[in-house]
Amino acid sequence: MKRRDEHLQTLFEKSVPGRVGYSIPLPEVPEAALPDDIARDKPAELPELSEVAVNRHFTRISQKNHGIDTGMYPLGSCTMKYNPRINEQTARIPGFARLHPNAPISGVQGALHLMHELGEYLAEISGLPAVTLQPAAGAQGEMTGLMIIRAFHTANGNPRKKVLVPDTAHGTNPASCTICNYSVVTVATNERGRLDLDDLRSKCDEETAALMVTNPSTLGLFEDRIDEAAKIVHDAGGLVYCDGANLNAILGVTRPGDFGADVMHINLHKTFTTPHGGGGPGSGPVAMRDFLAPFMPKPVIAEDSAGRYTLDFDRPQSIGRVHEFFGNFGMLVRAYTYIREMGPENLNRVSTLAVMNANYVKESLKGLYHLPFDEPCMHECVLSDKDMPNGVTTMDIAKRLMDFGIHPPTVYFPLVVKGALMIEPTETESPENVRRFVEVMRQIHEEAKTNPQLVKGAPHTTPVGRVDEALAARQLHLTADLLPPDADEERQLSFDDQPKA
Amino acid sequence: MAIPTDRRYTKEHEWAVVDGDVMTVGITDYAQDSLGEIVFVELPEVGAEFSLGDTFGVVESVKAVSDLYVPASGKIVEVNSALTETPEKINADPYGEAWMIKLQVSDETELENLLDAPAYEDLITQES
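Protein chains in written order, with the numbering used here: chain A, 837 to 1337; chain B, 23 to 150.
A few of these clues could be false.
[Claimed, not checked] Taking lysine-lysine pairs in the DSS-like style, the calculated list, with each CA pair at most 27 Å apart, reads: (1) A:Lys-1039 <-> A:Lys-1254; (2) A:Lys-1292 <-> A:Lys-1254; (3) A:Lys-1285 <-> A:Lys-1254; (4) B:Lys-97 <-> A:Lys-997; (5) A:Lys-998 <-> B:Lys-97; (6) B:Lys-33 <-> B:Lys-111; (7) A:Lys-1202 <-> A:Lys-1292; (8) A:Lys-900 <-> A:Lys-850; (9) A:Lys-997 <-> A:Lys-1067; (10) A:Lys-1254 <-> B:Lys-111; (11) B:Lys-124 <-> B:Lys-33; (12) A:Lys-1039 <-> B:Lys-33; (13) B:Lys-33 <-> A:Lys-1254; (14) A:Lys-1222 <-> B:Lys-33; (15) A:Lys-998 <-> B:Lys-33; (16) A:Lys-1292 <-> B:Lys-111; (17) A:Lys-1222 <-> A:Lys-1202; (18) A:Lys-1292 <-> A:Lys-900; (19) A:Lys-1039 <-> B:Lys-97; (20) A:Lys-878 <-> A:Lys-850.
Worth flagging that the hints you see were computed from the coordinates, not collected in a lab.
Input sequences plus hints: build the corresponding full structure.
Written as structure tokens, this is what we have:
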């Protein structure tokens, strides 16, 4: 039985009895014993290390990771753009960072002012005038939006039964419908990669609560007949929910409120540069038309005649709270900072550049990689492994990209494209970086022809090689058995010694 | 890709063998191959009733989660519950050990919509 290599050891395994990383003065008063009913029976098993050992441990782990701060991260529909550091500076202003959520309203006027203004900016950007900042992420925003839709229909006498969801939708869409007690009816995609309006028409009726549509879609294509789709749904008394995951493509170009959406969520952690993917938490404000505002979560920030901000709890039709206090406030400060720093012209330029980068990738790689829908794309493009030589798959391409210091794109999604590779370069990559990505993809295609084993065995340069994804998903024992270094060797099984399925 | 001629197929890649009024259902070789390594399967309870086209369960691979559709309306009379512990059998033996449900068919006329082996082969040739 071997001990794990030092670089894989946990803090618990590195622990040395009696070692400390602090120095506390001796007490000046006699120690008092804890009451028996709350005292531990035996000491907590906490790791004992010096400060430098802890610091090196976490620094080493961070160096093994790939983040937007270390390299390109073209993960489609996730908008892994760079997060400007000024966001961190404003979020750390003590008046924001140390605010107690139960502080009296008179003492938090600045924070309420910021939230009120952020709501107004998001209303302007989305074209939907009423905004709640409470939801903690995109999926919770979806749930909140659908609860509002349900509350609206219920107030009109019939909550209705179903939500129409395109077959290109994010998996969270049908999940949110199910949680809100709606059945999901799938709408097909046509040969242009757009919503099939005939199919939509045939499935839309007086039991349709809403159409839940992502625009641009997960194929990176703008739903260019979205106004007709919205009319079909509205004529049947249904509402249109827009999944705002791909808002980064349309800032200042068009607005969901202008193309027929009644309610949408906005991922601040995608479009508005708040941390994302392990660096979170997320934030998923929901914007809606005025007639839905009575149902939005409470409290709502209001401004009185004297220009003071207050909290309005008197909202009898509200669906209630969806998050304690005011949502993930630190993220709201960061998104506000980004919007103010950019201004309207630069936000519009964000989308122009994001769309240009994606089209550059698409046009450079088409012909080499299979392009299922040969149409101008928005901020992301979808390729597939259909014509790859020597049976090289999307998964192999994704793994091989890691050898070049590039995070894999989104793979095997959307489901309507077999072996999909969904690439979103974002606007924050320079032309040099986007060109390098294209060159790397060309090289991988060449390797697939001449040295397929190199691609099929990738990654070769990462701290951990090709992982067994099926085993990881089947055996949900994800923790190591943590034992001190002097423990009985027989018991020192660790995750690399587990039996294989 | 194996397409046995002793059974019939749906456009959603389920197979069905009918014996009297009981239909045994699983997913096809093509379906398991497209999904890749299967890591999870969720099946219904005995006694559950479904209409044609309803989803009766979910199958999850390292690539994707897919719904399972009943090939005909009816009531579940038996479930291969061992599969939930060993979902990899769906990859290994999709037409045999990895049958999923047995359904008491309520409307035999619905069986006319099922595809025979050559028609199913045409369908997957178009898809791939």
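Now the hints, each set against the structure:
Of the pairs offered as hints, the one joining A:Lys-1039 and A:Lys-1254 holds, with about 25 Å between alpha carbons and a cut-off of 27 Å not exceeded. With a C-alpha separation of about 18 Å, the suggested pairing of A:Lys-1292 with A:Lys-1254 holds against the 27 Å cut-off. Restraint check for A:Lys-1285 and A:Lys-1254: satisfied, since their Cα atoms lie roughly 21 Å apart, inside the 27 Å limit. For the suggested pair B:Lys-97 and A:Lys-997, the alpha carbons sit about 23 Å apart, so the restraint of at most 27 Å is met.
At roughly 24 Å between alpha-carbon atoms, A:Lys-998 and B:Lys-97 fall within 27 Å of each other, so this suggested pair holds. Of the pairs offered as hints, the one joining B:Lys-33 and B:Lys-111 holds, with about 22 Å between alpha carbons and a cut-off of 27 Å not exceeded. The hinted pair formed by A:Lys-1202 and A:Lys-1292 meets the criterion: a straight-line CA distance of about 22 Å does not exceed 27 Å. Pair hint A:Lys-900 plus A:Lys-850 holds up; C-alpha atoms about 18 Å apart against a cutoff of 27 Å.
Under the criterion of a C-alpha separation no larger than 27 Å, the hint pairing A:Lys-997 with A:Lys-1067 is consistent with the structure, at around 19 Å. For a cut-off of 27 Å, the pair hint linking A:Lys-1254 to B:Lys-111 stands: about 23 Å separates their Cα positions. Restraint check for B:Lys-124 and B:Lys-33: the C-alpha separation of about 19 Å stays at or below 27 Å, so the hint holds. Taken as a hint, the A:Lys-1039 and B:Lys-33 pair is honoured in the structure, with Cα atoms around 19 Å apart against an allowance of 27 Å.
Note on B:Lys-33 and A:Lys-1254: the hinted pairing holds, with a Cα-Cα distance of about 16 Å set against a maximum of 27 Å. About 21 Å separates the Cα atoms of A:Lys-1222 and B:Lys-33, which keeps this hinted pair within 27 Å; it holds. For a cut-off of 27 Å, the pair hint linking A:Lys-998 to B:Lys-33 stands: about 23 Å separates their Cα positions. Restraint check: the Cα-Cα separation between A:Lys-1292 and B:Lys-111 comes to about 25 Å, which is no more than 27 Å; the hinted pair holds.
A threshold of 27 Å between alpha carbons decides the hint, and for A:Lys-1222 with A:Lys-1202 the separation of about 12 Å falls inside it, so the pair holds. Between A:Lys-1292 and A:Lys-900, the direct Cα distance comes to roughly 22 Å. Compliance with the 27 Å bound is thereby established for this hinted pair. Between A:Lys-1039 and B:Lys-97, the direct Cα distance comes to roughly 26 Å. Compliance with the 27 Å bound is thereby established for this hinted pair. With a CA separation close to 21 Å, the supplied pair A:Lys-878 and A:Lys-850 stays within the 27 Å bound.
Checked against the numbered hints above, the structure violates none of them.
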